[in-house]
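Trainee: Now for the letters of each chain:
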Amino acid sequence: MTEELHEVHLVVNGVPHDVAVPARRLLSDALRHDLGLTGTHVGCEHGVCGSCTVLLDGAPVRSCLLFAVTASGSAVTTVEGLTDADGSLGPVQQAFKDCHGLQCGFCTPGFLTTITAGLRDNPCPTHDEAREMIAGNLCRCTGYQNIVSAVERAAELIAGTGESV
Amino acid sequence: MKPAPFAYARPTDLASAVEALAGNADAKVLAGGQSLVPLLSMRLAAPAMLVDINRLPDLDHVTSDASGVRVGALARHAAVLADDEARRIQPLLALALANVAHATIRNRGTTVGSLVHADAAAEMPVVLCLLGGSVDVVGPRGRRTVAAADLFLGPLESSLAHDEIAVEAFFPALAAHTGVAFREVARRHGDYALCGVAGLVRLEGPRIAEARAGYLSVSDVPTVIDLTPALSSSESLSDEALAAAGELALAALDPQGDIHGTAAYRAQLVRALTARTLRAAYDDAGRRREQP
Ligand SMILES: Cc1cc2nc3c(=O)[nH]c(=O)nc-3n(C[C@H](O)[C@H](O)[C@H](O)COP(=O)(O)OP(=O)(O)OC[C@H]3O[C@@H](n4cnc5c(N)ncnc54)[C@H](O)[C@@H]3O)c2cc1C
Ligand code: FES
Ligand code: FES
Numbered sequence: 023m024t025e026e027l028h029e030v031h032l033v034v035n036g037v038p039h040d041v042a043v044p045a046r047r048l049l050s051d052a053l054r055h056d057l058g059l060t061g062t063h064v065g066c067e068h069g070v071c072g073s074c075t076v077l078l079d080g081a082p083v084r085s086c087l088l089f090a091v092t093a094s095g096s097a098v099t100t101v102e103g104l105t106d107a108d109g110s111l112g113p114v115q116q117a118f119k120d121c122h123g124l125q126c127g128f129c130t131p132g133f134l135t136t137i138t139a140g141l142r143d144n145p146c147p148t149h150d151e152a153r154e155m156i157a158g159n160l161c162r163c164t165g166y167q168n169i170v171s172a173v174e175r176a177a178e179l180i181a182g183t184g185e186s187v
Numbered sequence: 002m003k004p005a006p007f008a009y010a011r012p013t014d015l016a017s018a019v020e021a022l023a024g025n026a027d028a029k030v031l032a033g034g035q036s037l038v039p040l041l042s043m044r045l046a047a048p049a050m051l052v053d054i055n056r057l058p059d060l061d062h063v064t065s066d067a068s069g070v071r072v073g074a075l076a077r078h079a080a081v082l083a084d085d086e087a088r089r090i091q092p093l094l095a096l097a098l099a100n101v102a103h104a105t106i107r108n109r110g111t112t113v114g115s116l117v118h119a120d121a122a123a124e125m126p127v128v129l130c131l132l133g134g135s136v137d138v139v140g141p142r143g144r145r146t147v148a149a150a151d152l153f154l155g156p157l158e159s160s161l162a163h164d165e166i167a168v169e170a171f172f173p174a175l176a177a178h179t180g181v182a183f184r185e186v187a188r189r190h191g192d193y194a195l196c197g198v199a200g201l202v203r204l205e206g207p208r209i210a211e212a213r214a215g216y217l218s219v220s221d222v223p224t225v226i227d228l229t230p231a232l233s234s235s236e237s238l239s240d241e242a243l244a245a246a247g248e249l250a251l252a253a254l255d256p257q258g259d260i261h262g263t264a265a266y267r268a269q270l271v272r273a274l275t276a277r278t279l280r281a282a283y284d285d286a287g288r289r290r291e292q293p
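Protein chains in written order, with this note's numbering: chain A, 23 to 187; chain B, 2 to 293.
In case anyone wonders, no lab produced these hints; they're calculated from the structure.
Glycine included, every Cβ here is placed at the ideal spot set by N, Cα and C.
Don't take each hint at face value.
Examples of chain B residues lying across from chain A (beta carbon under 8 Å, computed) [stated by the list, open to error]:
no.	residue
1	Pro-6
2	Pro-39
3	Asn-55
4	Pro-58
5	Ala-104
6	Thr-105
7	Ile-106
8	Val-186
9	Ser-220
10	Thr-224
Residues from chain B shown here face chain A by an in silico Cβ test under 7 Å; the list is partial [stated by the list, open to error]:
no.	residue
11	Asn-25
12	Val-38
13	Arg-44
14	Leu-45
15	Ala-46
16	Ala-47
17	Gly-191
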């Protein structure tokens, strides 16, 4: 049986893409397999771990719980879209580097997208708010302490108050 | 972990959506997908067709008036939670929604979808039942209103026919002299609760005229229990009265043990959360009386 294909138009990190995919193609797989953007990681594939989190029209969503065809017409930001225009690390990425916020890095793309949106909505989170911001993402390596520090560090970097290290 | 193939329709008007559903006995509605897509990926469900309702017009509203809050089928949990008018008219909505999954899931999942999904571990079905709300559904036979009491038939089973689409939920406003509260215990904040309680207390003067509570995760369907008999004789809430309310609730519930907690532990959660929730709802009613 050949599956019917659907035209899907996505603007990913500012770049328009048109692909034809079966209706059952998850957005996570469309990004990774059809567009070759493998920065978005797939861990559990049922919405629990958060590693596949991307921004859909600015809001964080699980790309493993969304069909590409449903998302057609939307703007998607993946971890690849978080670097600054000159290719240097964006503030949240820089904060993870500064604070040693990752070890194996598998979960990191989901944290970076989640925190990017979280700090846009709440630019100076309290310690508890920083923890709450990442509560929906799992990391099996770090123990989270350094990720929470990275949230606070990223807030400083974005506000321009952080001392460079 | 990939969904099986399915035919896909993305209608842009309600009549076509109903027609598509009615035309395929194995078709299912796709709303936010936060419950359905995991089921498809794990192949616990493999419908022949999905009718994606995300492009239907005029269904993403959250509108409030003195009678209550109306939530359209495409209003995401996040939009309902952020709506100040809804919070003012019926505070229990936001109190409970803050416990529904994580923010990222709430950005996509719909409140109406979680009602139709009819999970006895979900917060919103219990809230709808406790408040005596309803859901409006549209099918080939027209539009009808289903009362909360008639909506939940069993685990993950609502009384909607397969070709009906839920278009709007109605949550009645907070009545005068009434307070509400929500408490749950989950292994991590945002996870499905081991037990959760939504409580409502109405005062007449200093006396408790009505006390009811809705329970999640300790029965097959969302269950509301009238606890007034345990409390109505006391003018202020005594620990003994709250303990009696907990026992009254337990008699009507059936907490089951599973990998996350034993039946005895869940029963203890019913006792503890009944007391905490009623106390908080009682205090809330008192506060509202002082600052109308
Ligand atoms: C990690 C994770 C944690 C979660 N934690 C919680 C939690 O703690 N509490 C909680 O309550 N929920 C939780 N959820 C579920 C979430 O709230 C879902 O959003 C909700 O249950 C379903 O809404 P939806 O719009 O995503 O529906 P979908 O997944 O699209 O659909 C669910 C079911 O309802 C049907 N349906 C949906 N909308 C309609 C409609 N308008 N008319 C007719 N049928 C319809 C579908 O056919 C399907 O059978 C969690 C989900 C995930 C992935
Ligand atoms: S891969 Fe999407 S949440 Fe785990
Ligand atoms: S760094 Fe390894 S899972 Fe988070």
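Trainee: Double-check B:Leu-45 for me: the hint is only fine if its C-beta lies closer than 7 Å to a C-beta in chain A.
Mentor: violated, 10 Å
Trainee: Does B:Thr-224 meet its interface restraint, that is, does its C-beta lie within less than 8 Å of any C-beta in chain A?
Mentor: violated, 27 Å
Trainee: Less than 8 Å between beta-carbons is the criterion; does B:Thr-105 satisfy it with respect to chain A?
Mentor: OK, holds: B:Thr-105 within 8 Å of chain A, min 5 Å.
Trainee: Given B:Asn-25 as an interface hint, is its Cβ closer than 7 Å to any Cβ of chain A?
Mentor: violated, 14 Å
Trainee: Hold the hint about B:Val-186 up to the distance rule: shortest CB distance to chain A must be less than 8 Å.
Mentor: violated, 16 Å
Trainee: Is the interface hint for B:Arg-44 satisfied, with its Cβ closer than 7 Å to some Cβ of chain A?
Mentor: violated, 11 Å
Trainee: Against chain A, is B:Val-38 within 7 Å by beta-carbon distance?
Mentor: holds, 4 Å
Trainee: Do the numbers back the hint for B:Ala-46, that is, is its least Cβ distance to chain A under 7 Å?
Mentor: Status violated, d = 12 Å.
Trainee: Mind checking the CB of B:Ile-106 against every CB in chain A and telling me if the closest is under 8 Å?
Mentor: holds, 7 Å
Trainee: Tell me if the interface restraint on B:Ser-220 is satisfied: Cβ within less than 8 Å of some Cβ in chain A.
Mentor: violated, 25 Å
Trainee: Taking the closest Cβ pair, is B:Pro-39 under 8 Å from chain A?
Mentor: With a minimum Cβ separation of about 4 Å from chain A (threshold 8 Å), the hint on B:Pro-39 holds.
Trainee: Would you check whether B:Gly-191 satisfies its interface hint, that is, whether its CB is within less than 7 Å of any CB in chain A?
Mentor: holds, 6 Å
Checked against the numbered hints given earlier, this structure breaks hints 4, 8, 9, 10, 11, 13, 14, 15 and 16; the rest are met.
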